[in-house]
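Order-wise, the sequence lines are chains A, B, C, D, E and F.
The numbering of the first sequence is our numbering, which starts it at -13 and goes up by one.
The numbering of the second sequence is our numbering, which starts it at -13 and goes up by one.
The numbering of the third sequence is our numbering, which starts it at -13 and goes up by one.
The numbering of the fourth sequence is our numbering, which starts it at -13 and goes up by one.
The numbering of the fifth sequence is our numbering, which starts it at -13 and goes up by one.
The numbering of the sixth sequence is our numbering, which starts it at -13 and goes up by one.
Honestly, the hints are just simulated from the structure, not real lab data.
Treat each hint with caution, since some may be false.
Heads up, the list lumps identical chains together, so a pair's fine if it works in one copy or across two of them.
[Said to hold, decoys possible] Simulated pairs of lysine to aspartate or glutamate, EDC-like, Cα-Cα distance not exceeding 16 Å:
hint: 1; residue 1: K36; residue 2: D25
hint: 2; residue 1: K15; residue 2: D34
hint: 3; residue 1: K15; residue 2: E0
hint: 4; residue 1: K15; residue 2: E33
hint: 5; residue 1: K8; residue 2: E33
hint: 6; residue 1: K36; residue 2: D4
hint: 7; residue 1: K8; residue 2: D34
hint: 8; residue 1: K15; residue 2: D25
hint: 9; residue 1: K15; residue 2: D61
hint: 10; residue 1: K36; residue 2: E1
hint: 11; residue 1: K36; residue 2: E0
As the structure is a prediction and not an experimental result, all values here were calculated from the model.
Number of protein chains: 6
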Amino acid sequence: MTSWLPSLITATPEEGYDLAVKLSRVAIKMTQPDAAVRDRLRPEYAEDAKSLIAVSQVIATHFATISAANHYWRDPS
Amino acid sequence: MTSWLPSLITATPEEGYDLAVKLSRVAIKMTQPDAAVRDRLRPEYAEDAKSLIAVSQVIATHFATISAANHYWRDPS
Amino acid sequence: MTSWLPSLITATPEEGYDLAVKLSRVAIKMTQPDAAVRDRLRPEYAEDAKSLIAVSQVIATHFATISAANHYWRDPS
Amino acid sequence: MTSWLPSLITATPEEGYDLAVKLSRVAIKMTQPDAAVRDRLRPEYAEDAKSLIAVSQVIATHFATISAANHYWRDPS
Amino acid sequence: MTSWLPSLITATPEEGYDLAVKLSRVAIKMTQPDAAVRDRLRPEYAEDAKSLIAVSQVIATHFATISAANHYWRDPS
Amino acid sequence: MTSWLPSLITATPEEGYDLAVKLSRVAIKMTQPDAAVRDRLRPEYAEDAKSLIAVSQVIATHFATISAANHYWRDPS
């Protein structure tokens, strides 16, 4: 079975950011596994300024973790 | 007696993420030990966008800790 | 006089988690020293989903600190 | 194709801060890709004290990451 | 003139916690320098569960900083 | 042109704290550049307990960054 999270290592900061977004979304799915409920809630946060900011806080926290994992991509490969 | 948290070390990032989810849930149980009350509260947060985002923030914080504990799973075993 | 916090070092991750819970509670006591007021507030947060999540965020932050203090209990003693 | 985030390394702390602001904004775009909706939401947070503070919290988190990436710009080049 | 914050180093974890509480209070004073206004606001947060939890989050963040500064008081002096 | 943030290095912890306060304020300015709007919002947060606590959380996050930058001012110069 393929893992949804095989590694925290990414080639570039941009890919690291995309992974941070993914990590923030998985938490929602794990707490609310019902896709129908999540679909119903989506406009509630995607069109609400405070919720969007809260989502970006979660992303920022994951991006900190991923950046540390990648030694901040200091040495371009 | 078996510990519910014998170690922060996991084999993979995905297992580390699962552990982060578990850690976030234990805190709720310790603050509200009554299972009946928790069951009553569950829809209150599992169907509320802001609460789901707040839960994912807690998970993100625990995932940062667990990732550091595992040296970010940089060296696949 | 005995200190309520003689050390951040614990034997196991589980004890470290218990200490994180304790640290989160002490902050409440220091800001609201009146036990009668705290007792009155308790149902307000122990039966409110958003408050329970917020408490678990505080615990997560303290657990990060305690985990680092213990080198993440990487070497079982 | 040019990356919107080629590197976390900046010449100065001030440029690092600007990058933190940029990172906080990208998260909003990724969660709400519709520019028209974002434009509609903008006054909702730019003229609301609590939202502005929440945005600055996200920026602070990204600035911590970027500062670590740059070794806190300790050695002026 | 004496500094209100001469050092982050404390002899014990407990003193470090007290310093974290102090740091959290100074921020309030700097944003609202008027003591009369602060006195008026005090019951608003000291008797509100959500505010007390938010204060303890700030304390937890400062305690993380102070703990790192003190190498987590790993070596008792 | 002078930078508003030439360095994260400060002589003392107290100056570091002042810099953290400054960093938290700049974020507000960057998100809401209109000084008239900011002046209108000021009483909204300076006289609101929850907002003051939220501001102090942002300051705590920046103070963590600045403290790390300064090696926690462990060696008095």
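### Query
Looking at the structure, which of the earlier hints fail to hold?
5, 6, 7, 9, 10, 11
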